[in-house]
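Residue numbers for the sequence shown follow our numbering, beginning at 9 and rising by one.
Accuracy of the hints is not assured; some may be wrong.
[What the hints assert, rightly or not] Per label pair, the in silico range of CB-to-CB distance:
#1 A35 - P12: 39 to 47 Å
#2 V172 - L48: 13 to 21 Å
#3 G199 - L48: 20 to 28 Å
#4 M53 - P206: 43 to 51 Å
#5 G194 - P51: 41 to 49 Å
#6 H160 - V204: 33 to 41 Å
#7 R100 - D71: 32 to 40 Å
It should be emphasised that the hints constitute simulated quantities derived from the structure, not laboratory data.
Positions of the beta carbon are idealized from the N, C-alpha and C atoms, including for glycine.
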Amino acid sequence: MGRPTPFDLVFSELATDRFPAVAEVLATATDPRDRDAFFLTLPAMQLLRELRPDDAEAGAGVDELTALLHHAFLTWTDGLQTWAVAEAPFRRLLAAPAAHAVTPPTAGYLQLPERVVWASLSTPGPWEPLDGCFVHRVPGGAMRVLGVFGLHESRNGFTVAEAVGVPGTLPVRQDGAPLFAPTLDGGAVAGLHAIVEPGELVELAGRVLAGVSAAPGQPEGA
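Working from the sequences, and respecting the hints, build out all of it.
Set out below in structure tokens:
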């Protein structure tokens with residue numbers, strides 16, 4: 009068996025019980041990719057309220073939880089598509105000159121090699137490895153990407169960060185450094201890439217989507 013995805017860990021049973029009610033309401037509404045329309049449905053609002061920790065401060069983590077729930081629902085709606093890529097081709101994609109202007113054919117999850125790409129999502133904050141990204145198209149042709157960081161079987165939870173954009177439009181970082189260049193101490197020697205700008209999530213997803221050719225859920229060969 010392969011690594012579990014965030015959907016497997018959080019929504020595998022929940023989706024069966026709760027997502028059909030949301031889908032039924034949205035069947036007569038607007039595009040389910042419209043996040044505002046999604047959370048105007050009573051079943052989605054109730055589920056969001058239930059998933060929010062009881063001890064959460066007002067507004068703390070709501071945007072991240074909202075994004076995760078919406079991505080999970082769209083992934084479920086489109087058949088739980090998972091794309092996986094092996095480490096050797098993934099490293100080649102990171103070194104490619106640019107992403108292709110592609111968007112995913114369906115909503116789904118890009119499962120990446122473990123502990124290759126890292127990010128620090130708070131200042132100051134710990135560096136966490138990128139497990140993968142939920143992706144889906146948004147009206148207008150852009151792609152919405154939700155990176156999942158710090159996913160580990162011994163940890164109760166994970167960290168998410170979202171970005172929206174069109175792959176192939178960010179050539180370098182704002183400081184002129186190459187995309188995904190190491191910034192951790194010793195990262196270059198260890199082969200640890202980094203994400204420091206939101207647009208890099210979009211570029212990474214675009215490169216993986218353009219390069220993956222294996223069957224759903226199976227790693228692309230080296």
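Hint by hint, here is what the structure shows:
At about 30 Å, the CB distance of A35 to P12 disagrees with the hint of 39 to 47 Å. A hinted range of 13 to 21 Å for the beta carbons of V172 and L48 is consistent with their spacing of about 20 Å. Hint check: G199 to L48, Cβ distance near 45 Å, so the stated range 20 to 28 Å is violated. Separated by about 27 Å at the C-beta atoms, M53 and P206 break the suggested range of 43 to 51 Å.
Between G194 and P51 the Cβ separation comes to about 48 Å, which falls inside the hinted range of 41 to 49 Å. For the hinted restraint 33 to 41 Å between H160 and V204, the CB-CB distance of approximately 22 Å leaves it violated. Look at R100 against D71: about 34 Å separates their beta carbons, and that is inside 32 to 40 Å.
Checked against the numbered hints given earlier, the structure breaks hints 1, 3, 4 and 6 and satisfies all the rest.
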